[in-house]
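Undergrad: For reference, the chains in residue letters:
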Amino acid sequence: MTAAVSQHDPKASEVASRASDADVPLMEIRHLHKRFSLSGDFLEQLKFKGGKLIREQEYVHAINGIDLDIRRGEALCVVGESGCGKSTVARTVMGLLTPSQGEIRYAGQRIDNMSTKELLPYRRRMQMIFQNPYASLNPRMTIQQTLEEPIRLHHPDWSRERVRDQVRDVMDSVGIDPDWGPRFGHEFSGGQRQRIAIARALAVDPEFIVADEPISALDVSIQAQVLNLMMEAQQQRNLTYLFITHDLAVVEHVGTRVAVMYLGMVCEIAPTGTLFAKPRHPYTQALLSAIPRLEDDRPQHIRLQGEVPTPVNLPSGCVFHGRCPHANERCRKEVPRLIDVEDGARVACHGVEEGRL
Amino acid sequence: MALLEVNNLDVRFALRGGDVRALRDVCFTLDRGERLGIVGESGAGKSVAAFSLLNLIAKPGYIAGGSIIFDGKELSGMKDRGLRRVRGNRISMIFQDPMMTLNPVLSIGEQMVECLKAHRRISTREARAIALHKLNQVQIPSPETRLDQYPHELSGGMRQRVIIAIALLLDPDIIIADEPTTALDVTIQAEIMDLLLELCDKHNVGLVLITHDLGVVSQVTQRMLVMYAGRVIEQGPTREIINDPQHPYTQGLINALPQMATPGSRLNQIPGSMPSLSNLPSGCAFHPRCGFVKDANGTPRKACLDKVPGFVESGNCRVACHMVAEMINQQERDSREEIL
Amino acid sequence: MRENVMSDTIVPGRWARFRDSYLLYSFKRDLIAQISLVIFALLIFAAVFAPWLAPANPYDLAQIDILASELPPFWIDGADPAYLMGTDAQGRDLLSTILYGARVSLIIGFGAVLMQAVIGVSFGLMAGYLGGRVDAFLMRLADIQLSFSTLMVAIIVGALVKAIFGGATFSEYAVPLLVLIIGLAEWPQYARTVRASVLAERSKEYVDAARVMGLKSRRIMFRHILPNTLSPIFVISTVQVANAIISEAALSFLGLGMPETHPSLGSLIKSGFDYIQSGSWWITLIPGAVLVILVLVINLLGDWLRDVLNPRLYKG
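Protein chains in written order, with the working numbering: chain A, 1 to 357; chain B, 1001 to 1340; chain C, 2001 to 2316.
Each hint should be verified, as a subset may be incorrect.
[Unchecked claim] Heads up, incomplete: computed chain A residues facing chain B, CB under 10 Å, no partners named:
| no. | residue |
| --- | --- |
| 1 | GLY83 |
| 2 | SER87 |
| 3 | GLY190 |
| 4 | GLN225 |
| 5 | LEU248 |
Since the hints were derived computationally from the structure, they do not count as laboratory data. Glycine is no exception: its CB is placed at the ideal position from the N, C-alpha and C atoms.
Excised from the complex, chain A in its bound form:
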């Protein structure tokens, strides 16, 4: 059905340009920072200190300068524990949040400072799948209305029949009976709702999809169904994914490359096979060793000391140094940068750079 649609598509030039800039990454994220103010409005920021009225602002530093390239056709997985900023990356990339600093480019075009109107053509090319299928469908809209809305918005010239056909096609492709269109979201199970949410994302034939923890609210047997559906869609439609998850088993299965995040920084990025076979960053090593495995001969996991610091007062130097068993003086002072190591991996760790790890 994808072919049928692109036949009608008059945007042949767009297809041509897609082919020509194949070597440009689809999405480039440069020096991205995002911080959230904790201090409320202006009046709440005023404080008396030492007899003087001063304005004080506190921030949560959710993302602290990350660089990522997402290549066409790949599934880039971003993993990390809660509070590491992975969801903020997804939301900033999709324009739901504006970056505090840095640039986001889509197919070479800077999109982070565009107006809503300028962004509209990009909205059709990039879509998002959310975590909670119970909240991501409007409870007062039928499935038909939910799926028709994006198509009508992006193809105002389409006839009613054509919109309806597109909805039927996309429902069929995610395994939902098209006759169920007049039903409401709450009449479906969690897995079916997530299929509908995927259908909504696919309805406008996007090329890039950000999936923010798309399966973590689902049951184990349903997770497999949804993952299969997403991988099928990727193959059939040549999609590029930015896949946000905390589940490393899922990463190993669907990821082309993996970026491991800690406190708003990327500490390691590598092709999936390389990362799982040879994790280099001490945090990645600890993370991988903590996955509960089915085998009984489980290696003792690496115990990290302490806990993740709050992103309000970031530690100096390497953000991981407080918990790292290999930290030294340099780690406490100097922020490590991502350096290339072999097998296409990049690691931000002084220890790896110095060769002591």
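Mind docking chains B and C on chain A? Use the hints.
TA: Just chains B and C now, kept in the frame of chain A:
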């Protein structure tokens, strides 16, 4: 005799469309110091099972039948006063959300002292000493200061440690842990699980671990139950079930894990989803999703569609499946024929 | 691979959904709600069809017989069977006057609530969805508005209109003026309620999904968020209608509302108040009882609605 014995437990919820049977014929035992896992997806009834052990099911739920025998005493019909002596004291519970147990306006110390004094006649000073000792046991750094802190001042992992300390406060015989690490990150989860395991081992405390995570169950428990749509469908030693699951649902659940497939390939999904308890299919509740409903000749097995499967023994495991029962019968017939 | 878990493939229509709904189910089990609805429906019916139901037209001076004033209702000696509920001091048939008065009260009540709702819902939506400065400005405005009581606003506006345009004009435009006064005085109730539920809805993922789609703010506000805040709007609407009717009665009682030539329930109560000492208690008490019953049944219906729509008790 087992420390805890649950027989034919039947729990129902009185809803407007009539009673919904949340648990049917649930049987299991737990020995002193044994670790039992209850596995299932949401709606399988695993949490209801845990809550009904201490008669904690909220209305409109009620225990409609069966017995829960703890240390020779029947719990299911017991009055509240008798139950209170068991709850917290001999059997304690750990919930998924620590804030369900912790009172946000009381300090950690106050809550622990209060809990101790409710069950034992001791002075506040003694109670505080015990509380401190327990916090030490759960490896909380600087326990003295923690005693005077409030729950919101602690991180998620710390809170769960405090919960474990409270659960251990009265030296219980059994701890029931309902998804104790689901809300935590993997690295913290691993630490908490290690801790729970170590403490249960050291103090010979029985553990009933309710979870949806097969990985956790396989690493922590000795025996496990798999639940589906309010029934136990397979039970036995954890290792045997994980390595060689008999019931098609258990097989499907394990095979659906991404670890079980080569990266990038299609996962072995179970089609469909768990039926709602108010609208169960006839016969075996799993039959609409089961790949083994059809027998060798390709005709659907009538029993699967009509009859609820009873348990059959298969090695050390008990499985509720017509297909497995048929296979075992066949094997017995074959072996008898061989002898003849 | 398609799931066929759903047993019935026929999609239920609107009527079927309503028939199976929790709303109807709980209504069937709530005797008080049923009685309230019946009484409320009867009162509305009587008020709407007052010109046809009432034995006389109290606005028609030709029908008033001053000699028949202060006649008691039928169960008291000296009653004239032509006047079922007796007559007031000007000789108007009390039953007819009450029916017409209830009509005026209900028109003002619903009209004022409609006005409150339009202002309050729009401001609440904007404050909640746009946030920031818009939010701060609108909410401070609401605070200021709330710090004036309805009565004070009414006294000021009423006095100004009377002073500028004269008493006759005021009487002529009393209904729209009262709608305006009560509507303006109480919109913050709506704005605050709507803003609170918008804040809750805005953080849900379906709103993000709508933004990712590229929809404009206005469409997201009215098409996606507003329908999901309807439950609290319905609940406070019932309370607000009752409040508006009472406010109107209070204003009329103080002489700031409906003139006695076009009495509402409130001004009827006031007109009879002077005669309560002289034994003609019915002129005040019968319209008073009607007012109490009207407000009571609306509030009881509101309570029932709140219990049904409470999202903590019932999801979906």
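Undergrad: Are there hints from earlier that the structure breaks, and if so, what are their numbers?
TA: Hint 2 is the one this structure does not satisfy, whereas the remaining hints hold.
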